[in-house]
Amino acid sequence: MKSALFILIVIVSGTLAGAIHGTVNFAIVEPYLDQAIGIENENLFASGEADDNPQFWADYEEYRVWQKSGQVIAGMILGVAMGSLFGIVYALSRNSLPGKNDVTKAVVLAGIMWITIYLIPFLKYPANPPTVGDAETVVLRSILYVSFIAISGFGALAFYKLSKKLQSDKKYLGLVGYAVFIIAAFIVMPENPDEVTAPMNLVNEFRLMSVLGVTSFWISVGIILGLFWNKFDDANSSKNDS
Amino acid sequence: MSKVQQLSVSKTSVSKVAILVLAIVFAAGLFVVGFDQGHIFSVVYGEQAFVDLTIHELTHDMRHAAGFPCH
Ligand SMILES: [Zn+2]
Numbered sequence: 001m002k003s004a005l006f007i008l009i010v011i012v013s014g015t016l017a018g019a020i021h022g023t024v025n026f027a028i029v030e031p032y033l034d035q036a037i038g039i040e041n042e043n044l045f046a047s048g049e050a051d052d053n054p055q056f057w058a059d060y061e062e063y064r065v066w067q068k069s070g071q072v073i074a075g076m077i078l079g080v081a082m083g084s085l086f087g088i089v090y091a092l093s094r095n096s097l098p099g100k101n102d103v104t105k106a107v108v109l110a111g112i113m114w115i116t117i118y119l120i121p122f123l124k125y126p127a128n129p130p131t132v133g134d135a136e137t138v139v140l141r142s143i144l145y146v147s148f149i150a151i152s153g154f155g156a157l158a159f160y161k162l163s164k165k166l167q168s169d170k171k172y173l174g175l176v177g178y179a180v181f182i183i184a185a186f187i188v189m190p191e192n193p194d195e196v197t198a199p200m201n202l203v204n205e206f207r208l209m210s211v212l213g214v215t216s217f218w219i220s221v222g223i224i225l226g227l228f229w230n231k232f233d234d235a236n237s238s239k240n241d242s
Numbered sequence: 001m002s003k004v005q006q007l008s009v010s011k012t013s014v015s016k017v018a019i020l021v022l023a024i025v026f027a028a029g030l031f032v033v034g035f036d037q038g039h040i041f042s043v044v045y046g047e048q049a050f051v052d053l054t055i056h057e058l059t060h061d062m063r064h065a066a067g068f069p070c071h
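Residue numbers (the numbering used here), protein chains in the order written: chain A, 1 to 242; chain B, 1 to 71.
Pulled out of the complex, with its shape left as it was, chain B reads as follows:
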């Protein structure tokens, strides 16, 4: 192992693979909370909401609170 190589490792300090993994986590998580458009906007749909749109409903309040466009 050369010194040059060690230096370059300590400069970036993390691998490209790790960055790619985190980039995917970022995109997926952001979409689920911020932009999935399946959410229903009122209680008039009743129980069906709990069956069909669980994730959207679950993230709905955070979507408003964190500033994402919603209803």
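Only chain A is shown next, with the shape it has when bound in the complex:
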């Protein structure tokens, strides 16, 4: 595939999947963000940092409406970013992925990446709604989160390469190796230093919606990139299959 076409279909599929992610979040995550920010507002009133008056609420409404509009835009930016990573890994691993066509292959890879660089890091460092995080620890939390994603992602890659060298009846050892490795990392890595002070059912429901949103991205990006690849790959069109 030509470089320009490859970049184009990766960017377009990332943007579309990101727009879906943003739209899903807008519908299912925003109500929880509103609730959490509501708690923050109560705290501001209680501590005297803000006054509970019509002006405050007018500003607040305007601010939130504007901020919410960012969900879809930020979804597209994040979608392009994650979609680019997905496109790179897909291009490099396509020949090894199971499946008869590119949609199957891409969805399989999306599933693997969803587990290794999203779900496992999420289980260690779950998403939190506003009010939970301490601004003082945000740099530390970012470093921990990124490190764990990198450990999981590169770990999966390393064990995958290892399993390719093993005989076919021993390939499962690659998976076992990754499991042992990631459990060890899970135990060794420090906990999120912040204490959750928000109501736990709010936090849990927020986390569930957050997972659904991110999952919608990975499913979408797999299907969309797979469809584009099927359509535009020279090898496919010359064979004239769909």
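Hints are computed from structural coordinates only; laboratory data are not their basis.
Don't be surprised by glycine CBs; every beta carbon is placed ideally from N, CA and C.
Each hint should be verified, as a subset may be incorrect.
Unchecked claim - Derived contacts from chain B toward chain A, CB cut-off under 7 Å, selection only:
{"id": "1", "residue": "Ser13"}
{"id": "2", "residue": "Val17"}
{"id": "3", "residue": "Val32"}
{"id": "4", "residue": "Phe35"}
{"id": "5", "residue": "Asp61"}
{"id": "6", "residue": "Gly67"}
For chain A, the structure is supplied; the task is to place chain B with the ligand on it using the hints.
Coordinates of chain B with the ligand only, in the frame set by chain A:
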């Protein structure tokens, strides 16, 4: 053009330049949405937020929703 060369092209199927471009897009986009630390955490700063921190504020809700550390 030799057959060997064509084979190697079809094996990786995309160029290194394309991969580099996408790697840069990945890093830049991820930083904007996930890790830019300029975001303000409350409405108390009022209109100034719209002037100074447009991008951070715009990506803020997604930052929480996608699981990135925030406030
Ligand atoms: Zn925040």
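Taking the hints in turn, this is what the structure says about them:
A cut of 7 Å between beta carbons decides the hint on B/Ser13: the least distance to chain A is about 6 Å, and the hint holds. With 7 Å as the threshold, the beta carbon of B/Val17 comes within range of chain A, its nearest partner Cβ sitting at about 6 Å, so the hint holds. A least Cβ separation of about 6 Å between B/Val32 and chain A falls short of the 7 Å threshold, and the interface hint therefore holds. This hint holds: B/Phe35 has a C-beta 6 Å from the nearest C-beta of chain A, less than the 7 Å allowed.
About 5 Å separates the beta-carbon of B/Asp61 from the nearest beta-carbon of chain A, less than 7 Å, and the hint is met. Hint on B/Gly67 holds. Least Cβ distance to chain A is approximately 4 Å, under the 7 Å limit.
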